[in-house]
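2 protein chains.
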Amino acid sequence: MKLTIGGAFSAAIVGSLGIASDAFTPLALQRKPAFATPSGTVISKRTHVSIPLFSTIEEVDPKAALYTRRSRPEYIPGHISDPDYVRIFDTTLRDGEQSPGATLTSQEKLEIARMLAKLGVDIIEAGFPIASPDDFAAVKDIADKVGNEVFDDGYVPVICGLSRANPKDIERAWDAVKGAKRPRIHTFIATSKIHMESKLNKTPEEVIEIAVNAVTFAKSLGCNDIEFSPEDAGRSDPEFLYKVLSAVIEAGATTLNIPDTTGWNMPWEFGNLIKILRENVKGADKVVFSTHCQNDLGLATANSLAGALNGARQLECTINGIGERAGNASLEEVVMSLALKGDKQFEGGPGTGKLYTAINPVHITPTSKMVSEYTGMICQPHKAIVGANAFQHESGIHQDGMIKNKSTYEIMSPESIGLMRGDAQSGAGIVLGKHSGRNAVGTRLKELGYVLEPDKLNAVFARFKEVAEKRKGGLEDEDLEALVVDQAGLSNMMWRLTGLQVSTGMSGIPTATVKMLGPDMVERYVASTGTGPVDAVYKAIDQIVGVSVELENYSLSSVNEGIDVSFAAKAMALNQHR
Amino acid sequence: MKLTIGGAFSAAIVGSLGIASDAFTPLALQRKPAFATPSGTVISKRTHVSIPLFSTIEEVDPKAALYTRRSRPEYIPGHISDPDYVRIFDTTLRDGEQSPGATLTSQEKLEIARMLAKLGVDIIEAGFPIASPDDFAAVKDIADKVGNEVFDDGYVPVICGLSRANPKDIERAWDAVKGAKRPRIHTFIATSKIHMESKLNKTPEEVIEIAVNAVTFAKSLGCNDIEFSPEDAGRSDPEFLYKVLSAVIEAGATTLNIPDTTGWNMPWEFGNLIKILRENVKGADKVVFSTHCQNDLGLATANSLAGALNGARQLECTINGIGERAGNASLEEVVMSLALKGDKQFEGGPGTGKLYTAINPVHITPTSKMVSEYTGMICQPHKAIVGANAFQHESGIHQDGMIKNKSTYEIMSPESIGLMRGDAQSGAGIVLGKHSGRNAVGTRLKELGYVLEPDKLNAVFARFKEVAEKRKGGLEDEDLEALVVDQAGLSNMMWRLTGLQVSTGMSGIPTATVKMLGPDMVERYVASTGTGPVDAVYKAIDQIVGVSVELENYSLSSVNEGIDVSFAAKAMALNQHR
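These protein sequence lines map, in sequence, to chains H and F. Position one of the first sequence corresponds to residue 53 (my numbering), numbered consecutively onward. Position one of the second sequence corresponds to residue 53 (my numbering), numbered consecutively onward.
Everything labelled a hint here was simulated from the structure, so no lab data went into it. Quantities reported herein were computed from a predicted structural model and do not represent experimental measurements. For glycine and all other residues, C-beta sits at the position ideal for the given N, C-alpha and C. The reader is advised that the hints may include incorrect statements.
[To be verified] Just so you have them, the derived chain F footprint on chain H, three or more residues with Cβ under 8 Å:
id : segment
1  : 257-265
2  : 352-358
3  : 378-385
Same shape as in the complex, but just chain H (with noise of 0.2 Å):
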């Protein structure tokens, strides 16, 4: 006998108790165990993992198609030896940590940095050393151990501090990082009229040479390996970006950065300024150029394509896009683009046009949720690339389409960036919902296990649209099943919940009771504690349901994937507070 304790049923659980309870929970439980590396181990020996899957739109079956990646040119600052490799600079741990509301441990911040190594970024931007000592400990830490496990392929990434044109902040950014093999200095002033005027209170002249001492001091100190950024470089006068910049490379920069620091540029406005600066600063040749976009109109991905396009070759972005205000570049996204169209779209610049990077980005969706988890900063469903939603189908006409081939409406495969789509939702990622049609309904169904006659199918797609129309969310394969186990008369297969009183406080034990009906209308109940209510909400249940029948199915929470990110946020910003 099957017996399915259905999703109505577990909605009441749920709503009766704000499942968010599970802010109970200490948070190092409620974290997956794939995220925990064992603290402070020093790995020696690192490989990447095997090669992703892609779509594109000339395979016919995404998972047909075999991505190469490409390797890596040798690391040498300054200098790309293809000119089509574009390098990616990861800046989650220092400007996606000033998110307003996001805090990392420095705990948190070494297993991200390892994370981000396991994707292959070529720079990680790991803080801001001077700005508090813990922010200190925390760079030195990752530029110390990440910054010295070498992958097989001689793989490292560089490890970069940031800091104000000043020797105080510089030499505090150098102690911290020059512990790692490729040690970075990244140094700063803004060169906006506002800026300088409004903020710095000083003249252009004097801008330029505070520019050219940091990275004269930087040298000095041994650092060979040096970025600047003109701060608000996309409301800056160019001419004069024109002279700082050609004074700061024959100073010794190696990278010269360009932000659009209030996201203020269109994407080819953008662009058109880094061309202009490839064109008139003076040894450009001699080194790499750099995007770092904000996103205060939406357009932070956009404008960092649009700088590679026209021949940046550094893309500095975050994981989920985080960072100050509206934040920063996505890494996926970025990522993606090229993965997806860097052979095709980038002509113009120098090389061939055929730009690619050297990320892994099966291990995209995982990076993604550990930054999300650890910074609290949600992505919203409807995020491109990690979202929850992001490769799911509502409308009937997708749904159809998706059944019949998934490249009509994928354009990658979410295998490629590590999402499993498992076998739930007819492979496809289909929510099922009130504009589901007849065929992705029999379809799951099938796949089910219910092959039903078309009388029996439009009975039950009948009563299907009829619930669909009140239910947020869609309707998860237990409320499918349900709702053929209806029109079957076979109803009394499920467990019913028919009482639940919980108990929960400062000091006391959280406690449940729960009663239950089950398939041979025997009332049961039972108490029990837990870490939390719903823990011992579950546990209850467990008890009840676990020991007097068997189970092929026993499934307590209909939330979906969105809700579930709402809930991981909400329980780690109350961690937050305690």
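For chain H, the structure is supplied; the task is to place chain F on it using the hints.
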């Protein structure tokens, strides 16, 4: 005597209760009164509200700059008298409602449509009438009501219904919208090789025939405002698009919408597509070209703007960028980009290149909140323009800049999109956290009425840094005040929570018992019931502190904007399941 119930305090309550139990409160009670358009009210005369404020690079004080909204050219299907005017087509109620997990009631749709009219969108796509009787009824209701509520300046939104390219769909769509003053039918068929072969199983010739028949049929019903979309145009052969589009223009289509259905295009690629279509489609000058860009690579806004750069004069978008998978172009991003840069960066198409819309951006924030609440599709904190962090500044350097001049890090004022900054947090959206400097802390304390001597400020600042390192989410005013009070040995002026017990369940009434130690060192306790366990706790605390002392400041919740958002989302999600 000033009494404060501080941050640590409320955090304890929130933490131990998992505040999300607010899910108990009926959703209706949780809605802000601001949204509560009285059900069914017919508004016969409507006026646009006052002119919003803008900050741009030129102005030092954002509040000094008045943005003059230009008047809207008369609405004529297929023609815009001013070639610089860009129509905004909102599809929140159609593509947006296709967000996996989002389902709107007819009443919610009507309220959103009214809000879109206040915002001033030119066209409201109200739904897909054939999809279900509820969908039909909702579109008809909007057409009959909002489609007839003419504003003082003659503006009334076009009401549009979607239909596949077959007579049954089209007839249903027409029946739904024809009651509007300005009804439009939007019909579509896919034109990419993969869609025609795998999904439609039609030859290109058959597709052209179906498209032409659909437009001809729509016209035969008496509709003179017909939009046609070649689905998946972003992956279609341009030569084939020339043929289809030329044919439908001849048949009577007045708007040609070019969808990048799978979010496949780079901005310059999509811009070029619009350009070559305008150059090669016969009769292109007799129609309005439109963009519809999905966000799978995070480029929807950039692609829409690239379309405008190349002559598209209708941009399709949704509030908060919701929609299938990774969603659609965000109305707020598209509109604010044009508001800030439309007159500078869009030369090259028809007209003078000084583009503008008639959107009144001061309604953006309330509309965004309404849509996110009704659909359950939350915005991430770093969502551009409408995210909780979009106008928040975290790093010390940025906060210093904001205090000196807001234009250093803001390209538009929050007031311009209807977000009132208020006096909190230095009036500059500054989050005081671990990255904050002495200047920001001192400034905020001064605003709170604490003018401290340098020694005292140093001591408070040192303590602030210690607390901020550990406190994700930054410090609230109450926390800051607590630090000052601590330094002065006045900590016994606070209430302390000494005991808390909560009981709740399926049938029982949520009950809380709260014990508190007052500033007079007397312990009081009380039990209270509530609509949910958190509500019960709030009420109990209300009773304790309300009767025995006079309060100047009483804040229970120290959750920040971002967390509120996730709470709201969760509460709704649970509500959906009941």
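Consistency of the hints with the structure:
no.: 1; hint: 257-265; result: violated (count 0)
no.: 2; hint: 352-358; result: holds (count 5)
no.: 3; hint: 378-385; result: holds (count 4)
Consistency with the previously given hints fails for number 1 only.
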